Amino acid sequence: MEGIVGYGAYVPRNRIKVEEIAKVWGADAPSYKRGLMLEEKSVPSPDQDVITMSVEAARRAVLRAGINPKDIGAIYVGSESHPYAVKPSGTVVAEAIGATPDIHCADFEFACKAGSEGMFVAFGLVRAGLIKYGLGIGADTSQGAPGDALEYSASAGAAAYIFGKDDVIATVDASYSYMTDTPDFWRREYQFYPRHGGRFTGEPAYFKHVLGAARGILEQTGLTPKDFKYVTFHQPNGKFPLRAGAMLGFEKAKIEQGWLVPKLGNTYSGASPLGLSAILDVAKPGDRILMVSYGSGAGSDAFVFTATKRLADVQNMTFKTWDMLNNHKRYLEYGEYAKFRGKINKIQD
Amino acid sequence: MLTPPKYWREIPQRYRLEAAKCAQCGKVFFPPRLICDACKGEEFETVVLPREGKIVSFTEVHTPASNFSDEAPFAVGIIDLGNELTILAQIVDCDPGEVKIGAPMRLEFRKLQKDGESGVLCYGYKAVPAR
Ligand SMILES: [Zn+2]
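Line by line, the protein sequences give chains A and B.
Going by our numbering, the first sequence opens with residue 12, and the numbers climb by one from there.
Going by our numbering, the second sequence opens with residue 1167, and the numbers climb by one from there.
Everything labelled a hint here was simulated from the structure, so no lab data went into it.
Quantities reported herein were computed from a predicted structural model and do not represent experimental measurements.
Any given hint could turn out to be false.
What the hints assert, rightly or not - Keeping only pairs whose Cα atoms sit at most 25 Å apart, straight-line, the calculated DSS-like set for lysine-lysine is: (1) Lys-1277/B to Lys-357/A; (2) Lys-1277/B to Lys-98/A; (3) Lys-1280/B to Lys-354/A; (4) Lys-1206/B to Lys-1187/B; (5) Lys-1277/B to Lys-340/A; (6) Lys-1280/B to Lys-350/A; (7) Lys-98/A to Lys-1172/B.
Claimed, not checked - Here are some of the chain B residues that sit facing chain A, going by a computed Cβ distance under 7 Å: (8) Ile-1177; (9) Tyr-1181; (10) Arg-1182; (11) Asp-1259; (12) Phe-1275; (13) Arg-1276; (14) Lys-1277; (15) Leu-1287; (16) Arg-1297.
Said to hold, decoys possible - Quick list of the computed label-pair ranges, beta carbon to beta carbon: (17) Asn-1249/B to Ala-264/A: 44 to 52 Å; (18) Pro-1197/B to Pro-236/A: 54 to 62 Å; (19) Asn-356/A to Gly-1207/B: 51 to 59 Å; (20) Gly-1207/B to Ala-139/A: 43 to 51 Å.
Glycine residues also receive a C-beta, built at the ideal position from the N, C-alpha and C atoms.
Based on the provided sequences and hints, a complete structural model is requested.
See the structure below:
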């Protein structure tokens, strides 16, 4: 049966704390920490972008899969911060892991849903029998405008999933998607920072689609929250995924392993894929996992996975997600963060 | 600055650490070369270098070329990859003052250069502290 044969995650070393951002803008850090349930977020180094993080995550996925990268028939990189406006990210990733030239590449964009989109299409092509292995990646280095609420959460990270038919570490038992046209968050061409609809990003946007996709896949499979060991949702802040889980009837204990946002921030296209990676790091054979992404504009992709016996053989082969969040960190001050993220105007050479 | 054709020609070594191993005497060259300096052999097989090693030597750069000025100060070091193989790489994700000879390093995929605001982006390897 088709499923995940390898997975890999990547989170940059740099962090900035909510207090460090709040003090620059005269904002009240405790209220941000309580309101959004954020403590700190990852920050990419100046030489890191969606392509470099995707390559690192993909290499870890190839290592866990133990496959010849030449057998990967498709690579889809989902992001809203692709380094080029015109020129694919996927071809660099394909070249770096040694999967060219017998391959299909495409870059996906759908706000924060682009990662699960890449996973969905890679999985679909494997199930259709068109390719042996398909690699789907969610990665972002998104930016919030200085002083905007988004600046406290917009962070960086990547997760990569290789789908195949044999030797899977988790089966894909079901998939379901739910989408409507909803203008809750957008960025027009040539604009550096996105705009959002404030409170409009909640009920009619995030909750409607996340709950819609989750209820849809539960109905399709006849499963209930009791049948799952773990669940991970898109996590733009700490509060939304906890509330979505409670509304669906999932206990907090099932959410926590994949609830990375207080220590990671919002990695946009990487968010629910990274949550899934943290769950796969600890899941036991037979554990059932629900993943629900969300992308503004708007839509959600949902998957049901079941861990197999083989998962235990690959969990310790490379870095685990919570290990990257808890250890080997490097804290930045706001000035260095602003330089790293290109927020300082300089004379162009 | 790397021009797109030169950058493109070096993709196998910059992205995948592909080295050339002399078919006659076994000496490994990185970057690859056309004639073996040990035995004058001209046939090579492609081998891939490991991505972990230790710092053999390094220097701090305070006055770099203009396109690296935002990154100064930074360290550049020679990394011992084992089997008598070494590689020269920029050392990133740490302060130059933290760099120590013998420290374990990992080669990660990073952006090497960007040609201004509109030119091509060049990718390759850099060394970061392992743990
Ligand atoms: Zn020779």
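Hints and how they fare:
no. : hint                                : result
1   : Lys-1277/B to Lys-357/A             : 20 Å, holds
2   : Lys-1277/B to Lys-98/A              : 15 Å, holds
3   : Lys-1280/B to Lys-354/A             : 17 Å, holds
4   : Lys-1206/B to Lys-1187/B            : 13 Å, holds
5   : Lys-1277/B to Lys-340/A             : 21 Å, holds
6   : Lys-1280/B to Lys-350/A             : 16 Å, holds
7   : Lys-98/A to Lys-1172/B              : 18 Å, holds
8   : Ile-1177                            : 6 Å, holds
9   : Tyr-1181                            : 4 Å, holds
10  : Arg-1182                            : 6 Å, holds
11  : Asp-1259                            : 5 Å, holds
12  : Phe-1275                            : 4 Å, holds
13  : Arg-1276                            : 4 Å, holds
14  : Lys-1277                            : 4 Å, holds
15  : Leu-1287                            : 6 Å, holds
16  : Arg-1297                            : 5 Å, holds
17  : Asn-1249/B to Ala-264/A: 44 to 52 Å : 48 Å, holds
18  : Pro-1197/B to Pro-236/A: 54 to 62 Å : 56 Å, holds
19  : Asn-356/A to Gly-1207/B: 51 to 59 Å : 55 Å, holds
20  : Gly-1207/B to Ala-139/A: 43 to 51 Å : 48 Å, holds
Checked against the numbered hints above, the structure breaks none of them.
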